[in-house]
Amino acid sequence: MSDTRTIERRFHIDNTPEAVMAYIADVRHRPMYVPHLQSVSEIEGEPSAAGTRWNWTFSALGLDFEGTAHCAESVPGRRYVTETETGIRSTWSYDAEPAGEGTDLTVRLEYQVPERAIPFLPTENVVESLRNTEADKLVQNLKEILDR
Amino acid sequence: MQPTRLLLWGGVGLWVATSVVCFMLAGPRVALRSRSVGAGSVAALLGYVALLLLHHRAFHGAELLLFVALLLLSLLMLVGWELWLVRAGITAVEEQIATGCSGLFIASQRLPRHGVLLTVRNVEWRIRLQPLGPRLTWVVLPRPKGRGKVSLLVNWLAKQYPGPFPRPRIRLK
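Protein chains in written order, with our numbering: chain S, 21 to 168; chain X, 823 to 995.
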């Protein structure tokens with residue numbers, strides 16, 4: 021049994037959908053804008069293509085968590101989805117829509133917390149606050165990098 | 823030496839010595855950062871003040887001077903320049919900076935005497951590099967306010983060159 025939670029952010033980037041999604045789809049860029057993602061390594065496949073797998077290290081609370089993930093879907097200029105394969109299962113999806121001369125980007129994170137892990141986590145408010153802070157920073161970072 | 827003064831020297835000295843020893847023993851691609859050394863020293867000095875208050879003691883003459891000098895030095899390390907001692911050669915550090923600049927769309931240019939000039943929205947920032955050996959480089963990074971591209975570059979470089987203290991690794995299955 022697990023508890024599914026979702027965080028979503030929709031925001032505008034002053035750049036073309038093609039440029040925005042090309043940047044996001046390249047897994048090597050991810051530690052530059054995902055705040056606590058320490059590194060991605062051992063990339064198997066073309067960095068932007070569906071089916072590509074990699075190892076990740078996420079740092080939090082003084083610990084390094086390591087796992088693997090893969091790209092589940094990659095449509096240039098429109099949609100990009102990754103799924104983690106180990107630990108807390110999560111799906112990150114990025115959807116781009118043209119908006120004027122820029123892009124409206126929707127970032128959606130769905131993650132499942134195993135019920136047996138819930139008693140060991142900080143209270144729900146703390147976890148939600150951490151996740152929201154992380155999501156807001158990710159939005160700011162992407163805008164900083166990609167806005168023209 | 824008075825026991826309290828020994829504590830003052832000991833607390834700060836132990837922290838600095840532990841940082842340096844971990845740095846020497848750690849593998850390649852780690853960095854000793856002035857900010858973390860400064861933060862640890864400030865914590866040790868505040869602990870010392872708490873100890874004095876607990877024992878209803880006051881500073882005596884030279885002890886106060888020593889304390890103020892150490893506190894100023896620690897605060898300077900904490901909020902002043904971003905100084906890093908990196909366990910990597912200067913060429914490797916330059917390449918890493920170039921990779922970061924490319925990924926963040928920062929215009930960069932190598933300077934003739936060990937450094938990199940960054941240009942973001944017509945504002946220039948300098949990274950100074952000084953080789954101290956084949957695998958040891960002194961790096962002085964800018965410390966911009968806010969969350970601009972230069973901040974993102976410094977944060978990303980900190981991920982490439984983490985601190986020297988061992989961190990527990992949890993492999994998720």
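Simulated from the structure, these hints should not be mistaken for laboratory data.
All values reported here derive from a predicted model rather than from experimental measurement.
Ideal placement from N, C-alpha and C gives every residue a C-beta, glycine not left out.
Possibly wrong hints are sitting among the right ones.
[As the list claims (entries may be wrong)] For lysine-lysine, the following BS3-like pairs were computed, each having C-alpha atoms within a straight-line distance of at most 27 Å: (1) LYS967(X) to LYS981(X); (2) LYS967(X) to LYS157(S); (3) LYS163(S) to LYS981(X); (4) LYS163(S) to LYS967(X); (5) LYS995(X) to LYS981(X); (6) LYS163(S) to LYS995(X).
[Stated by the list, open to error] Here chain S is said to cover these stretches of chain X; the calculated rule only asks that three of the stretch's residues, wherever they fall, bring their Cβ under 8 Å from a Cβ of chain S: (7) 907-917; (8) 924-930; (9) 967-976.
[Stated by the list, open to error] Some but not every residue of chain S turned toward chain X, in silico, with C-beta under 8 Å: (10) THR26; (11) PRO51; (12) SER61; (13) TYR131; (14) ILE165.
Each hint tested on the structure:
1. With a C-alpha separation of about 19 Å, the suggested pairing of LYS967(X) with LYS981(X) holds against the 27 Å cut-off.
2. Restraint check for LYS967(X) and LYS157(S): the C-alpha separation of about 15 Å stays at or below 27 Å, so the hint holds.
3. Under the criterion of a C-alpha separation no larger than 27 Å, the hint pairing LYS163(S) with LYS981(X) is consistent with the structure, at around 21 Å.
4. A hinted pair counts as satisfied when its Cα atoms are at most 27 Å apart, and LYS163(S) with LYS967(X) qualifies at roughly 17 Å.
5. Proposed proximity of LYS995(X) and LYS981(X) is supported: the alpha carbons are some 23 Å apart, at most 27 Å.
6. Between the alpha carbons of LYS163(S) and LYS995(X) the distance comes to roughly 33 Å, so the proposed pair goes past 27 Å and is violated.
7. A stretch counts as covered by a chain when three or more of its residues have a beta carbon under 8 Å from one of that chain; for the segment 907-917 of chain X and chain S the count is 0, and the coverage is violated.
8. Evaluation of the coverage hint for the segment 924-930 of chain X: fulfilled, as 3 residues show C-beta separations to chain S shorter than 8 Å, against a requirement of three.
9. Given as covered by chain S, the segment 967-976 of chain X passes the check, having 4 residues with a CB less than 8 Å from a CB of that chain where 3 are the minimum.
10. A cut of 8 Å between beta carbons decides the hint on THR26(S): the least distance to chain X is about 21 Å, and the hint is violated.
11. For PRO51(S), the interface hint holds, the least distance from its beta-carbon to any beta-carbon of chain X being 5 Å, beneath 8 Å.
12. Hint on SER61(S) is violated. Least Cβ distance to chain X is approximately 12 Å, over the 8 Å limit.
13. Interface hint at TYR131(S): violated, since its Cβ lies 13 Å from the closest Cβ of chain X, which is beyond the 8 Å cut-off.
14. The closest approach between the C-beta of ILE165(S) and any C-beta of chain X is roughly 6 Å, which is under the 8 Å cut-off, so the hint is satisfied.
Violated hints, listed in ascending order, are 6, 7, 10, 12 and 13; each of the other numbered hints is respected by the structure.
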